[in-house]
Amino acid sequence: MCRFVIYKGTEPVQLSHLLTKPCHSIINQAFNSRLRVDLRNPVNGDGFGVGWYDCVYDEELGRQPCIFTSVTPAWNNVNLQRLAEKIKSPLVFAHVRATTAGSLSLDNCHPFKHGKLMFMHNGGIAEFPKLKRRLQSTLPDEIYDIPNGNTDSEWAFALFLSKLPDANAGSFTPAVLRQAMLDTIAALNGFAREFNVTEPSLMNFCVTDGETVVATRYISSKVDEAASLWFSSGTSFYEYAKGGHYKMSKADKRENIIMVASEPLTFEKADWMEIRTNNMIVIQHH
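When the letters of the sequence shown are read in order and numbered with this note's numbering, they come out as residues 3 to 288.
None of these hints come from the bench; they were simulated from the model.
Glycine is no exception: its CB is placed at the ideal position from the N, C-alpha and C atoms.
Among the hints, erroneous ones may be present.
[Unchecked claim] Derived Cβ-Cβ restraints for the label pairs, each shown as a range: (1) Ala177 - Ser238: 27 to 33 angstroms; (2) Gln83 - Asn191: 39 to 45 angstroms; (3) Gln83 - Leu184: 37 to 43 angstroms; (4) Lys271 - Phe197: 37 to 43 angstroms; (5) Ser107 - Pro176: 41 to 47 angstroms; (6) Thr74 - Asn150: 18 to 24 angstroms; (7) Pro167 - Gly192: 30 to 36 angstroms.
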């Protein structure tokens, strides 16, 4: 399975503090995951992606996120190392991929985007080839034409877009994004029932419009384990000891920084709280 991390803060973070410097950064998780459910793909070497929003709004550039993807392993990409040292953002999505559906190509690397929206997924839609045509049949033409790749994840994003009142809107309320996510999961479960799919689907989805973040830890089973998902918040995230040892500081009750990750980026147990199975979190603009 894949790994992802989300950063949302009142102040921008240098990407290297998420991607490369922590001793259990998402790049290190790509080959040294400690909380993997699916052991068929023990290494996340099928490409990666990072998406971010500019610190300051530029009318000419617009509000769309910038996304950098590659099909090379994240730990062996010099350009990622260079970019991570020079880019700061208050909202970052990063993803390393171990393919379960879809070929190795740039089009299949997360995060995916449409307009100002950005989306990524850890998990897999069970028996997706059976469900794909049914899913596609529910999409309006303008949404059907959006996916460039062939992953279950990108088609789940297209389904999500179809659940929005207007996928091209200039803004989305937290309630609208939350409801669209609930409707997406409900639709996927409905397709599975139609085709008598009994294998559980792992749907750790996350989406943002640059202000609100919605993330789920979900499995379509009452007995199986969901893919891991963790939450951390505080006033600052910093390296307290050489060798990439980071911690989340909680100087007061403010939540200047919120992070959501498939695995904790630190080994400080007090920094992280596990999100319960079949729960959703909504992080609003502050």
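To see whether the hints hold, each was checked on the structure:
1. Distance hint check for alanine 177 and serine 238: the Cβ-Cβ separation is about 30 angstroms, which falls inside the suggested range of 27 to 33 angstroms.
2. In this structure the supplied range 39 to 45 angstroms holds for glutamine 83 paired with asparagine 191, their Cβ-Cβ distance being about 40 angstroms.
3. Distance hint check for glutamine 83 and leucine 184: the Cβ-Cβ separation is about 38 angstroms, which falls inside the suggested range of 37 to 43 angstroms.
4. Here the CB-CB span from lysine 271 to phenylalanine 197 is close to 42 angstroms, well matched to the stated 37 to 43 angstroms.
5. Checked against the hint of 41 to 47 angstroms, the C-beta distance between serine 107 and proline 176 comes to roughly 33 angstroms, which is inconsistent with it.
6. For threonine 74 paired with asparagine 150, a C-beta distance near 19 angstroms keeps the hint of 18 to 24 angstroms intact.
7. The given range of 30 to 36 angstroms is broken by proline 167 and glycine 192, whose C-beta atoms sit roughly 20 angstroms from each other.
Against the hints set out earlier in the document, violations occur for numbers 5 and 7.
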